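K.L.:
Work the whole structure out from these sequences, hints included.
Here the protein sequences line up with chains S and C, keeping their order. 1 is the number of the first residue of the first sequence in this note's numbering; add one for each residue after it. 536 is the number of the first residue of the second sequence in this note's numbering; add one for each residue after it.
Hints in this document: simulated from the structure, not taken from any laboratory. One or more of the hints may lead you astray.
[What the hints assert, rightly or not] Derived DMTMM-like pairs: lysine to aspartate or glutamate, alpha-carbon spacing no greater than 20 angstroms straight-line:
| id | chain 1 | residue 1 | chain 2 | residue 2 |
| --- | --- | --- | --- | --- |
| 1 | S | 205 | S | 228 |
| 2 | C | 748 | S | 446 |
| 3 | C | 748 | S | 399 |
These numbers come from a predicted model, not from an experiment.
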Amino acid sequence: MESNEVVLKVENIGKDFFGNVVLKSVSFEVKKGEVIGLVGENGAGKSTLMNILFGLPVINETGGFSGNFFLNGEKAHFSSSFDALDAGIGMVHQEFVLLPGFTATENILLNRESVKDNFAVNIFGDRLKHLDREDMKKRAVNAINKLDVNLDPEMIVAEMPVGHRQFTEIAREIDRSSTKLLILDEPTAVLTESEAEIMIKAAKKLAEEGMSIIFISHRLHEVLDLCDRVLVLRDGNLVFESESENTNPREIAESMVGRSISDFEHTERKKELQKDLLEVKDLWVAMPGEVVKGVNFTVKKGEIFGIGGLAGQGKLGIANGIMGLFPSRGKVLFKGEEIPLNNTKNILDLGFSFVSEDRRGVGLLLDEPIDWNITFTAMQAHERFIVKYLGGLLKFRNDKEIRKEALKYIDMLQIKCTSEKQFARALSGGNQQKVCLAKAFALNPEILFVSEPTRGIDVGAKELVLNALKKYNEESGITIIITSSELEELRSISDRIAIVNEGKIAGILPPSKPATDFGLLMIGESNINGEGEIK
Amino acid sequence: MKNSIIESIEKIGWPRIIIGLFLASMFVIAPFVGVSVGTSISDVLVRFTFNGVLVLSLLPMVKSGCGLNFGLQLGIISGLLGAVTSIEIGITGFLGFLIAIGVSIPFAILFGIIYGLLLNRVKGDEMVVATYVGFSVVSFMNMMWLLLPYKSPDMIWGYGGTGLRTTISVEKYWFHVLNDFLSFEIGGVYVPTGGFLFFALMCLIVWIFFKSKTGTAMTATGSNPVYASSSGVNVNKMRLVSVIISSIIAAIGILVYEQGFGFIQLYMAPLYMAFPAIAALLLGGASVGKATIANVIIGTFLFQGILTMTPSVINNIIKSDMSETIRIIVSNGMIVYALTRRKKARG
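P.N.:
Structure (structure tokens):
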């Protein structure tokens, strides 16, 4: 039921966080009963845009936004999400905002319960009204029926399957009779395929009844199936807008990643890489938020192997799982021999080394000096920098050697610090990252895992870090497995790049392939008509 | 010049400077209100040797990230078991003291293992749980002191009763065996050389331990457990070892205390031993997540100094005996002060 009545009109909305521009003059319209698909890479500005529409306080706290938006022709300015709710915007979040110990009905009608009078009301006021359970159930069932799903209104949220929780959230927004615009932020990300289908059907039904929907998803086929129109955000710009019928996944993927290809150089290796070093078979890792569901790949000796993909798809889980930081199962063969999983000490002994994506949480001893940070792992795992007495019975650290090693890396990686005794906490992000690299190098590894090596550091440090990795690979023939959200970074350094989508490897491509192909893999469209090696 | 003064003040820490100045002012006031400075200094020195090892016992657990050992009573009880067993055997002098240590260590290891396993299950809430462990174990031992089959007439209730007395004198056995070793008097000040030497020895052992591979791993575990485990360190094992070491040092610490104080105090007495030790450590500049041997030495000196001087000076000013009340106010006040001053351990 699409009409010409405009529900939401966005005019030149822009937003910067302390000078860091994330949205640049975005304008679009949503008509009554229309479903808009919003796609974009992580950090493209989708969430910020939705936060502005929903009036989240974080926007006001960081200096507001520029531009205007109009709801039903009226200029809207929300100081909090309550204002947005009153104005008729409903939002279903990626993470569930439900009370786990309450039933579906109670959650759907929270703070909008049907109430009955009793004598106490006359004395103490409205707050002592009784709940009208029967009427509440009726209203809840009514909202659930609108979705056309099978959901028990009496079921406690904690006992529900994930799909049903999602439906409860949506039903809550529907019950609010004023809701005219529903924002669904990756509602299908946590659902199984069949649940997602029901979800899509429910959304279609709502649209038919006149609800306008903004649908955010990484699953392109869902977007094309459900939405009337698709908008693509890239680096804060609205770069693409089209009716769903007139476009295809390739076109959307292209506009999603579409950076110019010329801004990266990749030097081909002179020598062919021959020997297989690491073979991963059906690896599963239970890392919260980055679950890996059975990946297979082989890395050659001396190779730089890139792992890319969107956030939350599982790319970070692979390195963390192999290093034994999160429970994992599957088969990992190193030089043809199977290695035991979930045993960090053992893996380190074999010559593995890891630079974590969580620099401050995992990668550093923030309240210890730089020299400790660099040498500790090598000391514990390989017994370097140790003096032994009584035939190895007593092992003491060799502070002199530790200092020497630290100074070597401070010089080599140009770590800016007052001395090797400075605490890691006092260093800048880029220098902290260099300390993490030095720690990994000090292990003299055969194979090095590096996760998000350039996250949160400035351009100069970025280049230095990447060059250090490259140099290390060339000079000592070390095998590097680099995981990064930045495709261009991977393409500039890797020999091959695996793209992870929904916990599996969607495909492995050489960096010379066009960015679009990588983009398609990221959003789970693996039927590429190219030469790409697809698994 | 000005900057370097401020820097060194910040390095020592304002709390220590303020308390240090306060302590100094007490010594200045003392002669004017009729308190003998010589005796006071002796008191401070003697008390320092009593308590130093107990404060030192907190160090390994703080370093490994188990927090302040509010369950210090567990180690103390191991020491008490060693003490009463040594008296039951009846050997006097330094050998008797060594036997007490020898007997208490296996108990400390056993209790330490159980306590450590428990603390590994309650990560993040160690200090609250430890407090209750301390309380429970004291209550449990209240029964055991009555039931354990000790027979020495110096220890059991009078008139041939059964069960141990609340206070047992060590006068006939190993009273002052450490403190009187090489002790001397200079200008009316008694210096318990042996006590200092023993404390220094214990500090040296702990210092050397933290230079070892295991000690380094323990420090890293406390600093960032995730980092340590990603470096192949068994975090739970490190924590367990630290609890055992803490318990052993605490057992030795209470024996040092008893040989100086002259009495073994059973039943409820151990309950009140943890707080002063913790207060001293915090006062010395330690935080819940970080502590050094310097913190132990400075903290014990300042805390015992204040605890000795304040009551006697105030008593003489107001001419009535309030020493115990003032001692409680001062020591608990310092705990509160130190806990509010502590730096956030992590994040």
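K.L.:
Are the hints correct? Go through all of them and say.
P.N.:
For each hint, the structure was consulted:
1. Under the criterion of a C-alpha separation no larger than 20 angstroms, the hint pairing residue 205 of chain S with residue 228 of chain S is consistent with the structure, at around 13 angstroms.
2. As the CA atoms of residue 748 of chain C and residue 446 of chain S are separated by approximately 24 angstroms, the hinted pair breaks the 20 angstroms bound.
3. As the CA atoms of residue 748 of chain C and residue 399 of chain S are separated by approximately 11 angstroms, the hinted pair is consistent with the 20 angstroms bound.
The earlier numbered hint that this structure contradicts is number 2, and it is the only one.
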